[in-house]
Amino acid sequence: MLRWTAGVTLMDRIRNDAIRQKFGVAPIADKMREARLRRMDRIRNDAIRQKFGVAPIADKMREARLRWYGPVLRGKEDSVRKIGLNLEVIGKRLRGRPKQRWADTSHMDLKAAGVHPDLALDRERWRHDTRIANPATKRDKR
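Position in the sequence shown (first residue = 1) + 20 = the working numbering.
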């Protein structure tokens with residue numbers, strides 16, 4: 021199970037693509053057991069995802085973050101969420117790669133979804149544009 025910490029999931033903190041890919045495989049393993057498939061069958065994860073109509077976990081996480089972000093943008097300027105979102109921490113950071121901030125993640129999510137923050141005022145359109153539907157299912161009868 022992925023945990024939320026300060027608005028960023030554990031998976032967002034993983035920078036190694038190989039480890040990130042392993043996290044994305046967990047839902048596939050459940051579907052493989054459901055279909056009575058084994059690893060020896062050597063079926064690619066993309067094929068299983070398409071067969072069962074499961075969207076990649078990274079896309080579903082992006083959808084959840086944007087679902088939270090919309091009401092925050094629509095909220096009042098003096099609300100706690102909006103103040104926390106716009107909070108700037110003063111002081112120096114440690115050496116090395118800068119830590120990814122919530123603002124950076126939300127900016128990348130908005131770019132990936134092709135949505136502008138001003139669109140949040142229109143609830144229906146925001147919901148329509150940020151929702152990631154599971155792929156159409158084509159179930160084989162085995």
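Derived by calculation from the structure, the hints in this document are not laboratory data.
Treat the hints with care, as some may be off.
Unchecked claim - Restricting the straight-line Cα-Cα distance to at most 27 Å, the calculated cross-link-like pairs of lysine-lysine (DSSO-like) are: (1) K102 <-> K80; (2) K102 <-> K131; (3) K96 <-> K71; (4) K119 <-> K131.
What the hints assert, rightly or not - FRET-style restraints, in silico, Cβ to Cβ: (5) A84 <-> L107: 31 to 37 Å; (6) E108 <-> M128: 16 to 22 Å; (7) D142 <-> D79: 21 to 27 Å; (8) R87 <-> L107: 41 to 47 Å; (9) H148 <-> G73: 30 to 36 Å; (10) Q70 <-> R143: 29 to 35 Å; (11) A55 <-> D79: 18 to 24 Å; (12) L141 <-> R113: 48 to 54 Å; (13) R145 <-> L105: 31 to 37 Å; (14) E54 <-> E144: 31 to 37 Å; (15) M60 <-> E144: 27 to 33 Å; (16) S99 <-> R64: 27 to 33 Å; (17) I63 <-> R115: 29 to 35 Å.
Note that the structure is predicted; figures quoted are calculated from it, not measured.
All residues carry an ideal CB built from backbone N, CA and C; glycine is no exception.
Would you list, in rising numerical order, the hints stated earlier that this structure does not obey? 3, 5, 8, 9, 12, 13, 15, 16, 17
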